[in-house]
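Visitor: Sequence:
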Amino acid sequence: MVQLQYSLLAFACISQLVWAFPKPDEGSTIQQRGGGPNDQFVFAICPRNPKKCSQCGGDSKKKGFCDIEIATGYRSDYNNCMKWHGKGEGCGLVCECISEETGKPGTGVPPIIPFPPIPVGFAPPPAAVPNPKTEDTCGNDYTKTSCKDCEPLDGWCTKGEHAGCPCREECPADDDDKKPTCSADDCKGEKGSCTIGHHKGCECKSECPNPDKKILVCSDDICKSEKENKCTTDEYNGCECYHLTKDYYTRRSKAQVQNDSKAIAKLVESMKKFYDEQGEEDDEPKDPEVTCASKDYSKAIDVDASFLNKLADKFCSGATDKKRSQDLTAKDVSSDAYEGYKVHFELDPGDNCKTDCKAAFKSMSGKCQGIDSHSLQKSASSKVPDCGASFSYKISAPETDPDTFTQKGEQDRVCHDADAFGSHGDVRPPDISTASTACLGVEDDEGRFTAESEPVTHESTYAGTQLAFTMSWVDNCKGDSFDVRYPTAKSNKLGDSCWKYMFDNWRQCNNGGAGGYIDYGCVRYDFRPSFD
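Mind the numbering: the sequence shown is residues -20 to -1, 1 to 512 in mature numbering (1 follows the signal peptide of the UniProt record, and there is no 0), read in order.
Hints should not be assumed to be uniformly reliable.
Derived pair list, reagent style EDC-like, types lysine to aspartate or glutamate, alpha-carbon separation capped at 20 Å [what the hints assert, rightly or not]:
no. : residue 1 : residue 2
1   : K31       : E80
2   : K338      : D307
3   : K158      : D129
4   : K338      : D366
5   : K388      : D463
6   : K311      : D293
7   : K374      : D312
8   : K458      : D381
9   : K470      : E390
10  : K210      : E170
11  : K171      : D201
12  : K139      : D121
13  : K342      : D352
14  : K185      : E220
15  : K358      : D284
16  : K347      : D284
17  : K171      : D200
18  : K124      : E150
19  : K473      : D463
These are calculated hints, taken from the structure and not from any lab test.
Start from the sequences, fold in the hints, and give me the full structure.
Guide: The following block contains the structure:
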């Protein structure tokens, strides 16, 4: 008996020792197992500073973790585990080790180094570009990395010590077609060199304007010609320029020269006035800005673009120098198509606009089509912002009577989707039973429904839950008029009244209380747990 007490006391001490064992320092790993009395307990802790994997059997099973386990827990448990599962099957503690491949403990998978910030003028690195090896691989100045040494892809190195880094292309020669243009968005040249992009710091070439569109004056600041009628500024370096005047030598008298100078001055003044008032003859009309009624193809109507163009040509054959509007139909262009359709046209000539009326409407019919040229948006407009001219059309389709149908008696019930009204309160049986009786409160003069009757809705709130009951005539339905309070006309009992349909819209719909509706004849009885 004494021996048993001592044994129990020893077990208690060992148990207390197990649970009182101090926790290892942060970064260590400890594993313990429970066991029986008189079983030796082995504590095992992974070292704070992991060993090299070669010192613990390698890491062939899992990169960055020792192949050799450390025995831990109760010896009997460990021995049994080794007996049944064999060495290295998770019986002991597996510790991290420093991988020979990466020099780091753990999984052995090298960390993914993010790409450096994308330089201005560069596209993001394509998928084939690997991530940099280290955070210091790329540096802060990509122009110091030459693309010729790293098999670049869109300006990003794919090989070598700078793989994953942006690089600068070699500067093209003057006669090379690849030489960047200073005005290009991926160059933005200043002082004759690109300031961004793949050729940053490389000399860029000027883009000379079309002399028919723009004349460079040698004396202007944007040109600054010094010799040979060539500009010297960065923007137009080497471009041909023109002098406004030349020196002429003559035998005429001083007075005659003065008179000639005055005449030339008057000529210049009159030419300036002419162009200010009339504009240049070769001024091209501005393209109008087109706005379609919708960009949704499904909202287009079945009217051919060629038909609209014929009507527009007819409209534009009238006066175009004043505000005007006109309604045209197929009969106005001797066509039998689109009977009953009407197109309303409008135009405002603006202030000295040269926009062609027919071209403006063709632009609208081209840009405001449906899926193809056989359908158009119902309306469109175009405007020339420079001078205020505007054009528009609006198509009116013939009105058609909607298809009607007949219903008699009770129809199939339709349950609302469970999420049709979002999150709503709990619909309780006694609440909806009481609230459903509201349909019986319709006045006698409003109780008999016809196609002209307005919907009747009763709303109430129980325990925070909204309950809405609506009786309405179904659109385009042809049927008999009756008292919506007692649709079956069997009796005035509650079970033969509108209450039954409203209550069953909840009871017979297994959708979390979302309710539903049922038609009796042409009247619809609807319940929903929402006022929306």
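Visitor: Tell me, which hint numbers fail for this structure?
Guide: none
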